[in-house]
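Number of protein chains: 2
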Amino acid sequence: MSSTLGTSMQDPVQIGADAIEASRVNGTKVYNTDGDSLGHIHDVVIGKRDGHVKYAIMSFGGFLGIGEEYHPLPWNILKYDERQGGYVVGLTVEQLQGAPRYAERDRPNWEDEAYGRRVNDYYGVGYY
Amino acid sequence: MSSTLGTSMQDPVQIGADAIEASRVNGTKVYNTDGDSLGHIHDVVIGKRDGHVKYAIMSFGGFLGIGEEYHPLPWNILKYDERQGGYVVGLTVEQLQGAPRYAERDRPNWEDEAYGRRVNDYYGVGYY
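The listed protein sequences derive, respectively, from chains A and B. Plus 309 on top of the position in the first sequence (first one is 1) and you've got my numbering. Plus 309 on top of the position in the second sequence (first one is 1) and you've got my numbering.
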């Protein structure tokens, strides 16, 4: 293994299993724990420095993009389920209806910490 | 902070600063340390379970997608530079020309560990 490009060996990454282009994650179905479809992944939000996925943006409702709403879900409340080929979240439709969401024209500023806190607090997820 | 959704408090995420939709990372310029443009981000490869960005796929050369080649770059060799609004890598054009790359029709299987090892070894980057 060469090490000539000035890269430190810290922070090794897991290669192989489960790797996929982010653009191909979009469209993946999201189910509740009863197996009902709640929506699908519209996009993911990543840290452009740390390279961690922070939110999956789930689209919920709507038809052909009309009236569609986007729910940012903290990444660590989603579990990938191989059998269903999609993500599972332990949420009810009622919980989603009360959750932070936005329409396309009101796209949040992901760099706004107050917004991130509001989302993570709703789902009881830690942050710093 | 409620914690009713069965989510553990482990693995807190950094919210706010630098967060962006993955789809909007695409198109970001990649420069060498002399400030020359090498290409742009075409997509990122993430772990669909661990939510870590593993590779930035840099497109290099080509014109309107014709003859374009894709270089998977291990995420941790890229540094985001606020001033240039893009990523910087310590690579020469010659190093890129010898690097693992593919044309669109030969899209790699990102779950193939041997391929990941080949890429990471080329750049001297750790993996497991």
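Take the hints with a grain of salt, since some may be wrong.
Claimed, not checked - Which residues of chain A face chain B? A partial, calculated answer using Cβ under 10 Å: (1) Ile324; (2) Gly336; (3) Ser346; (4) His349; (5) Val353; (6) Val402.
It is worth saying that the hints were derived from the structure and are not from the lab. We treat Cβ as the ideally placed atom computed from N, Cα and C, and that holds for glycine.
Interface restraint verdict for histidine 349 of chain A against chain B (beta-carbon cut-off 10 Å): Since chain B brings no Cβ nearer than about 14 Å to histidine 349 of chain A, farther than 10 Å, the hint is violated.
Take the shortest C-beta to C-beta distance between valine 353 of chain A and chain B; is it under 10 Å? With a closest approach of 5 Å, the valine 353 of chain A hint holds.
Less than 10 Å between beta-carbons is the criterion; does serine 346 of chain A satisfy it with respect to chain B? 18 Å, violated
Hold the hint about isoleucine 324 of chain A up to the distance rule: shortest CB distance to chain B must be less than 10 Å. Holds, about 3 Å.
Taking the closest Cβ pair, is valine 402 of chain A under 10 Å from chain B? 14 Å, violated
Minimum beta-carbon distance criterion (10 Å), glycine 336 of chain A to chain B: 12 Å, violated
Taken one by one, the earlier hints fail for this structure at numbers 2, 3, 4, 6, listed in ascending order.
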